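Student: Below, each chain spelled out in residue letters.
There are 2 protein chains.
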Amino acid sequence: MATSYVKLLGTRSSPYVNRAQIALNIKSVNYEFLEEKMGSKSELLLESNPIHKKIPVLIHDDKPICESLIIVQYIDQVWTSAPSILPSDPYDRAIACFWAAYIDDKLIPLLKEIRTAEGEESKAAAIERVVEGMVVLEEAFVKCSKGKAFFGGDSIGYVDIAFGCLLGWLKVTQKMGDMQLFTEARTPNLVIWAERFCSHDAVKDVIPKTEELLEISKIKILQAREKSP
Amino acid sequence: MATSYVKLLGTRSSPYVNRAQIALNIKSVNYEFLEEKMGSKSELLLESNPIHKKIPVLIHDDKPICESLIIVQYIDQVWTSAPSILPSDPYDRAIACFWAAYIDDKLIPLLKEIRTAEGEESKAAAIERVVEGMVVLEEAFVKCSKGKAFFGGDSIGYVDIAFGCLLGWLKVTQKMGDMQLFTEARTPNLVIWAERFCSHDAVKDVIPKTEELLEISKIKILQAREKSP
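From first to last, the protein sequence lines are chains P and G.
According to UniProt numbering, the first sequence is numbered sequentially starting from 1.
According to UniProt numbering, the second sequence is numbered sequentially starting from 1.
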């Protein structure tokens with residue numbers, strides 16, 4: 001069903017945009033990628049998401065859908081051809097939504113704290129909080145996957161997409177700060193899962209390489225410095 | 001379906017708990033309300049929501065579901081007897097989820113800024129930001145309700161529950177700060193909607209009276225003062 005016209009507004013380096021891309025790939029949906037320029041917002045973006053003015057925006061049959069996790073849910077509900085992204089069982093679905101919210105509301109803010117921490121001691125404390133946040137997800141993985149490959153079981157699901165899209169930037173944060181957020185000692189299952197996720201057919205051409213993200217990161221730092229007084 | 005045992009952990013003054021209560025009322029689900037004491041957390045709460053340690057928690061057949069909006073979605077999916085809380089159409093559902101997220105991620109933080117604002121000028125600016133946030137919701141109401149009584153159309157829906165549960169505390173904020181956040185001049189439809197929502201059968205015994213919330217608010221302020229160094 002729903003073979004109509006699909007556009008995605010975003011940048012290829014945004015983990016939130018990557019979520020929508022992977023969901024569309026899983027459903028084998030053809031779409032036009034409308035690249036937003038870094039540092040500016042297109043007229044179409046401002047029109048399509050006047051409230052937050054943020055990418056990604058999915059445009060399906062001229063109707064805009066905003067917010068990455070809402071887009072993933074929408075894609076799952078519209079293109080019902082297998083495989084499903086969200087579980088159909090209400091309890092499993094609630095658990096998947098819980099962990100996706102944990103990633104956005106808890107883990108991402110913790111990651112941002114690493115960047116803003118000042119001084120060695122407070123940086124080390126911020127890193128430890130992220131690692132502890134990862135350990136919580138490691139435990140969630142063990143429970144959700146039930147010995148299978150992904151949070152979603154045999155195939156990539158909602159939590160895989162929500163978390164997996166951060167992997168590129170996690171690697172950049174590790175490299176730039178010379179730190180380990182993911183370790184075989186503390187999150188052994190997540191280390192294996194991350195490799196498996198990144199080499200999946202629906203994912204491998206979506207998440208940019210670490211070197212590419214490192215370059216973007218340097219440009220962003222320079223832009224921020226130019227803007228600051 | 002699903003007439004099994006349902007418990008709800010929370011306090012009656014929490015707008016997040018009220019969301020779950022209203023959803024259960026809409027679905028005519030009998031449940032046991034397990035009141036949490038203000039300022040402490042029960043063993044059952046800590047066990048049921050070890051990650052956030054927060055109310056509400058819905059316990060259905062011994063399985064805990066956390067986070068108020070996830071609970072509302074769960075209730076809607078489990079008790080499928082009419083009326084529905086979320087739209088079945090994927091686009092309408094995405095729009096409802098968008099506005100519910102707007103309320104939690106944008107409007108509630110703006111409301112908190114009123115309390116933390118220092119000085120008359122910054123307080124006035126914080127109030128204006130909330131009113132502007134309300135005007136955005138007023139426009140959303142006009143679009144979503146399509147001339148009907150609620151965001152959800154003829155019956156109370158997801159956005160009604162997400163937003164409506166804040167009304168008690170909004171009134172308290174208005175009263176304590178001697179300010180108007182809702183006005184006939186700027187949000188005329190929301191003023192009428194709020195009255196309609198609060199007098200609905202599924203709502204009227206759930207949202208506490210302003211006087212009651214004022215008392216709780218005073219106790220909380222005293223407790224916070226005692227805790228502060």
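What the hints contain is simulated information worked out from the structure, not anything from laboratory work.
On a predicted model such as this, the values are computed, not experimentally measured, just so you know.
Take the hints with a grain of salt, since some may be wrong.
In this list, chains with the same sequence are indistinguishable; a pair is considered to hold if it fits within one copy or across any two.
Within a straight-line C-alpha distance of at most 20 Å, the following computed DMTMM-like cross-link-like pairs (lysine to aspartate or glutamate) qualify [to be verified]:
hint, residue 1, residue 2
1, K53, D76
2, K53, D104
3, K146, E120
4, K123, D76
5, K63, D89
6, K7, E212
7, K204, D178
8, K148, E138
9, K146, E195
10, K227, E121
11, K63, E120
12, K63, D92
13, K218, D61
14, K143, D61
15, K54, D105
16, K54, E36
17, K63, E139
18, K53, E132
19, K54, D104
20, K37, E132
21, K123, D61
22, K7, E43
23, K41, E226
24, K218, E138
25, K63, D154
26, K123, D62
27, K143, D62
28, K53, D205
29, K7, E184
Student: Look at each hint and say if it fits the structure.
Tutor: Hint check:
Taking the closest pair of Cα atoms, K53 and D76 never come within 20 Å of each other, the shortest separation being 24 Å inside a single copy and 31 Å across copies. In this homomeric assembly, K53 and D104 come within 20 Å of each other (Cα to Cα) both inside a single copy, at 18 Å, and across copies, at 17 Å. When the C-alpha separation of K146 and E120 is checked against a cutoff of 20 Å, the pair qualifies neither within a copy, at 39 Å, nor between copies, at 56 Å. For the identical chains of this complex, K123 and D76 are neighbours neither inside a copy (39 Å) nor across copies (43 Å), given an alpha-carbon limit of 20 Å.
Proximity of K63 and D89 under a CA criterion of 20 Å is satisfied inter-copy only: 13 Å between copies versus 29 Å inside one chain copy. With identical chains, the CA atoms of K7 and E212 are never at most 20 Å apart, being 24 Å at best within one copy and 50 Å at best between copies. Taking CA atoms no more than 20 Å apart as the test, K204 paired with D178 passes in neither setting, with 25 Å inside one copy and 56 Å between copies. In this assembly of identical chains, the alpha carbons of K148 and E138 lie at most 20 Å apart only when taken from the same copy (14 Å versus 46 Å across copies).
Taking identical chains as interchangeable, the C-alpha atoms of K146 and E195 lie at most 20 Å apart only when both belong to the same chain, with a minimum of 18 Å there against 48 Å between chains. Within a single copy, K227 and E121 get their C-alpha atoms no closer than 28 Å, and across copies no closer than 27 Å, so neither meets the 20 Å cut-off. Taking CA atoms no more than 20 Å apart as the test, K63 paired with E120 passes in neither setting, with 48 Å inside one copy and 42 Å between copies. For a Cα distance limit of 20 Å, the shortest separation of K63 from D92 across copies, 11 Å, qualifies, whereas the shortest one inside one copy, 29 Å, does not.
For the identical chains of this complex, K218 and D61 are neighbours neither inside a copy (37 Å) nor across copies (51 Å), given an alpha-carbon limit of 20 Å. In this assembly of identical chains, the alpha carbons of K143 and D61 lie at most 20 Å apart only when taken from different copies (18 Å versus 39 Å within one copy). In this assembly of identical chains, K54 and D105 lie within 20 Å of each other by CA distance both inside one copy and across copies; the values are 17 Å within and 14 Å between. Taking identical chains as interchangeable, the C-alpha atoms of K54 and E36 lie at most 20 Å apart only when both belong to the same chain, with a minimum of 10 Å there against 39 Å between chains.
Taking the closest pair of Cα atoms, K63 and E139 come within 20 Å of each other only across two copies (18 Å); inside a single copy the shortest separation is 39 Å, beyond that limit. Within a single copy, K53 and E132 get their C-alpha atoms only as close as 33 Å, which misses the 20 Å cut-off; across copies the closest is 16 Å, which meets it. In this homomeric assembly, K54 and D104 come within 20 Å of each other (Cα to Cα) both inside a single copy, at 15 Å, and across copies, at 17 Å. Taking the shortest alpha-carbon separations for K37 and E132, neither the intra-copy value of 35 Å nor the inter-copy value of 29 Å comes in at or below 20 Å.
Taking the shortest alpha-carbon separations for K123 and D61, neither the intra-copy value of 46 Å nor the inter-copy value of 43 Å comes in at or below 20 Å. Taking the shortest alpha-carbon separations for K7 and E43, only the intra-copy value of 15 Å comes in at or below 20 Å, while the best inter-copy value is 49 Å. Taking the shortest alpha-carbon separations for K41 and E226, only the intra-copy value of 19 Å comes in at or below 20 Å, while the best inter-copy value is 48 Å. Within a single copy, K218 and E138 get their C-alpha atoms no closer than 30 Å, and across copies no closer than 42 Å, so neither meets the 20 Å cut-off.
Taking CA atoms no more than 20 Å apart as the test, K63 paired with D154 passes in neither setting, with 32 Å inside one copy and 23 Å between copies. Proximity of K123 to D62 under the C-alpha cut-off of 20 Å is found in neither arrangement, the shortest distances being 45 Å within a copy and 40 Å between copies. Within a single copy, K143 and D62 get their C-alpha atoms only as close as 40 Å, which misses the 20 Å cut-off; across copies the closest is 17 Å, which meets it. Taking the closest pair of Cα atoms, K53 and D205 never come within 20 Å of each other, the shortest separation being 26 Å inside a single copy and 39 Å across copies.
For the homomeric pair K7 and E184, neither the shortest alpha-carbon distance inside one copy (39 Å) nor that between copies (39 Å) is at most 20 Å.
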